[in-house]
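Those protein sequences? They're chains A and B, same order as listed.
My numbering numbers the first residue of the first sequence as 1 and each following residue consecutively.
My numbering numbers the first residue of the second sequence as 387 and each following residue consecutively.
There may be inaccurate statements among the hints.
As the list claims (entries may be wrong) - Heads up, incomplete: computed chain A residues facing chain B, CB under 10 Å, no partners named:
1. H41
2. R198
3. Q199
4. N214
5. P247
6. G253
7. V287
8. I288
Just so you know, these hints were derived from the structure itself, not from any lab.
Cβ atoms here follow ideal geometry from the backbone N, Cα and C, with glycine treated the same way.
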Amino acid sequence: MRVLLLTGKGGVGKTSLAAATALAGAEHGHRVFLLSTDAAHSLGDAFGRPIGPSPLEVAPGVVAQEVGVLDELDRAWSEIQGWLRELLREETAEVVAEELLVFPGMEELVSLRAVREVEATGEFDLCVVDCAPTGDTLRMLRFPDALRLFMENFWEMKRQGVRALRPIVNRIIPGKLIPEEEFFDAFERLYREVEDVRQILMDADRTSARLVVNPARVVVEETRRSFAYLSLYGVATDAVLVNRVLPANAAGGYFARWAERQSEEMHEIETSFPVPILQAPLQPNEVIGPAALRDLGRGVYDERDPATVFTRARPIRLAQRSGRRVLEIDLPGASKEELRVGVHGEHLMVRVRDAERLVTLPASLAGRPVKSARLEGGVLEIVFGP
Amino acid sequence: MRLVLYTGKGGVGKTTTAAATAVCAARRGLRTLVASTDSAHSLGDVLEESLGAEPREIATNLHAVEIDARAEVERHWGRIRDYLVSLFRFQGIEDIVAEELALLPGAEEITTLLGAEGWQQSGDYDLVVLDCAPTGATLRMVTLPDVAHSALRILLRLQGALAAVVTPVARHVVPLPLPDRHVFGDADRLLYKQLRRLRRRLLDPQTSVRLVVTPERMVIDETRRAWTELSLFELGCDAVVMNRLLPDAALSEAFFADWGRLQGERLHEVEEFFAPLPVLSAPLQDDEVTGLARLAAHGEQLFGALAPNALLSAPQRVEFERRAGAYVVRIPLPEADSTALDVAKVDDELVIRAGPLRRTLALPRRMAALDLLDARLDAGWLCVRLGQPDAAEALR
Numbered sequence: 001m002r003v004l005l006l007t008g009k010g011g012v013g014k015t016s017l018a019a020a021t022a023l024a025g026a027e028h029g030h031r032v033f034l035l036s037t038d039a040a041h042s043l044g045d046a047f048g049r050p051i052g053p054s055p056l057e058v059a060p061g062v063v064a065q066e067v068g069v070l071d072e073l074d075r076a077w078s079e080i081q082g083w084l085r086e087l088l089r090e091e092t093a094e095v096v097a098e099e100l101l102v103f104p105g106m107e108e109l110v111s112l113r114a115v116r117e118v119e120a121t122g123e124f125d126l127c128v129v130d131c132a133p134t135g136d137t138l139r140m141l142r143f144p145d146a147l148r149l150f151m152e153n154f155w156e157m158k159r160q161g162v163r164a165l166r167p168i169v170n171r172i173i174p175g176k177l178i179p180e181e182e183f184f185d186a187f188e189r190l191y192r193e194v195e196d197v198r199q200i201l202m203d204a205d206r207t208s209a210r211l212v213v214n215p216a217r218v219v220v221e222e223t224r225r226s227f228a229y230l231s232l233y234g235v236a237t238d239a240v241l242v243n244r245v246l247p248a249n250a251a252g253g254y255f256a257r258w259a260e261r262q263s264e265e266m267h268e269i270e271t272s273f274p275v276p277i278l279q280a281p282l283q284p285n286e287v288i289g290p291a292a293l294r295d296l297g298r299g300v301y302d303e304r305d306p307a308t309v310f311t312r313a314r315p316i317r318l319a320q321r322s323g324r325r326v327l328e329i330d331l332p333g334a335s336k337e338e339l340r341v342g343v344h345g346e347h348l349m350v351r352v353r354d355a356e357r358l359v360t361l362p363a364s365l366a367g368r369p370v371k372s373a374r375l376e377g378g379v380l381e382i383v384f385g386p
Numbered sequence: 387m388r389l390v391l392y393t394g395k396g397g398v399g400k401t402t403t404a405a406a407t408a409v410c411a412a413r414r415g416l417r418t419l420v421a422s423t424d425s426a427h428s429l430g431d432v433l434e435e436s437l438g439a440e441p442r443e444i445a446t447n448l449h450a451v452e453i454d455a456r457a458e459v460e461r462h463w464g465r466i467r468d469y470l471v472s473l474f475r476f477q478g479i480e481d482i483v484a485e486e487l488a489l490l491p492g493a494e495e496i497t498t499l500l501g502a503e504g505w506q507q508s509g510d511y512d513l514v515v516l517d518c519a520p521t522g523a524t525l526r527m528v529t530l531p532d533v534a535h536s537a538l539r540i541l542l543r544l545q546g547a548l549a550a551v552v553t554p555v556a557r558h559v560v561p562l563p564l565p566d567r568h569v570f571g572d573a574d575r576l577l578y579k580q581l582r583r584l585r586r587r588l589l590d591p592q593t594s595v596r597l598v599v600t601p602e603r604m605v606i607d608e609t610r611r612a613w614t615e616l617s618l619f620e621l622g623c624d625a626v627v628m629n630r631l632l633p634d635a636a637l638s639e640a641f642f643a644d645w646g647r648l649q650g651e652r653l654h655e656v657e658e659f660f661a662p663l664p665v666l667s668a669p670l671q672d673d674e675v676t677g678l679a680r681l682a683a684h685g686e687q688l689f690g691a692l693a694p695n696a697l698l699s700a701p702q703r704v705e706f707e708r709r710a711g712a713y714v715v716r717i718p719l720p721e722a723d724s725t726a727l728d729v730a731k732v733d734d735e736l737v738i739r740a741g742p743l744r745r746t747l748a749l750p751r752r753m754a755a756l757d758l759l760d761a762r763l764d765a766g767w768l769c770v771r772l773g774q775p776d777a778a779e780a781l782r
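Please construct the entire structure, taking both the sequences and the accompanying hints into account.
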């Protein structure tokens with residue numbers, strides 16, 4: 001099953017493009033599952049009908065679902081939740097406590113499970129995920145890592161310790177401070193499920209991220225950072241989708257200045273993302289309902305099959321080599337003489353002849369001195385100091 | 387001192403609206419500070435000023451600041467983060483990933499709010515305008531004092547209970563890095579003092595939230611749900627800003643004819659959905675609204691005769707509580723008449739008709755799947771009970 005993660009800054013039109021991608025996939029004969037993992041679901045809004053947590057056929061060949069975090073938690077981990085609820089009860093009003101049970105990270109976990117469940121049915125060959133805005137999505141992607149290390153190193157010890165301690169602590173502090181055995185079983189189940197999903201997401205042949213942007217500066221800046229982060233967490237981005245491009249017949253008159261700004265930003269997008277760039281024109285009407293969404297999909301993919309892996313390249317890679325942080329950037333055809341590299345705050349600027357590329361550095365690299373930079377075999381390797 | 391927070395779905399123009407409000411207020415003689423909680427700062431771009439980590443006067447009465455979230459996080463969370471990094475490293479995680487993992491969700495936003503809280507207390511300003519992250523993130527930010535407070539108290543209690551027994555044992559079995567008392571001290575200071583103070587500020591009657599929307603269905607739908615959730619967490623809204631209405635000059639472009647036809651409808655919906663909140667509107671300008679002059683003009687169009695720092699409506703909010711297995715939603719309807727009351731639940735919303743008055747309310751997730759049990763008016767409040775479907779059956 002092919003998995004497409006659509007993400008980007010808030011308000012750029014991720015949901016519309018996820019729905020349009022799903023419909024275009026169905027037109028190419030794929031059996032498509034369209035999944036919303038954004039806690040602020042808008043899939044129903046895009047189709048102009050309620051969708052909700054049960055899978056629902058929204059168009060021929062497209063089944064949609066909005067993952068309901070609270071319901072899923074109830075169903076899957078009632079043990080874990082029961083314990084938390086017990087603990088939280090004294091702290092806060094009950095209604096608020098229930099909303100709070102959606103701890104940071106919980107949403108991501110439930111969402112991850114959903115991808116696995118779609119795969120397990122064996123009934124779909126394309127799963128399009130309408131993700132939360134970039135920040136949250138990136139947390140979703142790193143959650144398996146965090147959970148893995150927790151489980152592998154910490155968990156067994158805690159569990160043994162807790163088992164031995166329960167009788168003592170229960171005597172000292174009344175209440176359910178120490179979780180029951182079922183809690184641990186549920187947690188282990190959860191871990192195994194998340195590990196499955198990790199395998200799916202890290203496999204570049206199956207999973208691609210598609211970044212949605214608008215031709216606007218603030219959007220492009222933030223998305224550049226996401227691009228680097230996705231590389232860092234090992235998820236391949238195979239295309240950037242530029243949404244709401246003013247078409248030629250809308251670019252004059254009152255909108256003349258907006259059109260000028262747009263062409264500047266299109267240039268910026270091309271220099272920032274070394275992957276295929278697809279454009280979706282601004283539609284003449286609100287994009288709501290299957291017909292309008294299908295038009296949008298045709299505008300983006302034209303005759304292409306959206307399930308295609310548009311590129312297998314990983315043009316930016318971050319690694320750790322003999323204790324040093326190394327950033328590798330593919331620059332095929334560049335020669336040393338025409339290359340300039342500079343770091344400005346959190347941006348790395350690479351200049352080859354007249355072409356410039358900006359890479360926004362992850363927080364852990366920004367502000368570190370560049371120790372060395374060298375070009376070999378079309379790969380620029382930048383080593384950062386401590 | 388007034389605190390106004392602007393929020394809304396991404397891309398609707400929150401930063402521009404916040405900046406225009408501040409410039410307008412300053413020109414009308416209020417000592418104003420504008421700040422952004424968004425780590426991808428665009429406030430400086432909008433004001434066309436390079437901003438620093440300390441408030442700087444950029445015009446008469448007007449200060450602006452872009453908080454250096456990374457430095458601030460270092461200051462407030464540094465030791466906690468260092469401990470986490472050492473823990474992750476110990477687990478054999480690569481350095482880069484360990485550092486990224488240790489960036490606590492929400493830390494930057496909380497830090498920004500803490501900074502803003504400090505300047506509010508200085509007494510230097512009549513009005514502080516905050517440009518907040520998009521709806522989802524803002525909600526989390528606002529709940530974080532609660533979440534973090536509860537979660538950490540639990541952890542501390544758990545730690546306290548276990549420390550006496552487990553830690554000495556664990557230290558011998560595994561040389562695991564354990565947090566020292568400074569880490570707990572920092573956590574304690576953050577939670578018990580700063581976050582609580584922040585929460586008090588957010589719930590103060592002089593604080594209000596303004597929701598920014600554009601005339602688009604999906605934006606409006608999401609913002610309605612955000613409004614409900616703000617109520618759930620006890621934050622009061624005093625106005626809605628309808629941004630980017632196409633002016634006549636734009637509507638004469640053939641391509642936008644359909645958009646123009648729709649926007650009247652959308653404006654009407656916003657007035658109805660968000661009643662009793664007043665709706666202020668601002669046009670889509672013919673270029674990006676940047677620089678003090680354009681922002682001032684934009685602000686004048688937005689506020690007209692209204693004062694930018696006024697409480698634009700009496701803060702009324704919906705209340706939620708859980709009583710005897712059912713949920714009770716209490717909605718202020720001071721002008722409603724009980725003889726002509728009709729309440730229905732349609733999908734995930736409540737539709738209320740009381741004579742000529744019509745209100746709709748998007749329900750919190752937890753309540754969306756429940757059935758309507760009953761509704762009654764009580765001293766200007768509409769009380770709606772929601773419960774499990776089988777409970778509704780039993781009642782019949």
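Evaluation of the provided hints:
1. H41: 9 Å, holds
2. R198: 13 Å, violated
3. Q199: 18 Å, violated
4. N214: Nearest chain B Cβ about 7 Å off; hint holds.
5. P247: Holds - the Cβ of P247 of chain A comes within 10 Å of chain B, reaching about 7 Å at its closest.
6. G253: 5 Å, holds
7. V287: Where the cut-off is 10 Å and the nearest Cβ of chain B is about 8 Å from V287 of chain A, the hint holds.
8. I288: 6 Å, holds
The earlier numbered hints that this structure contradicts are 2 and 3.
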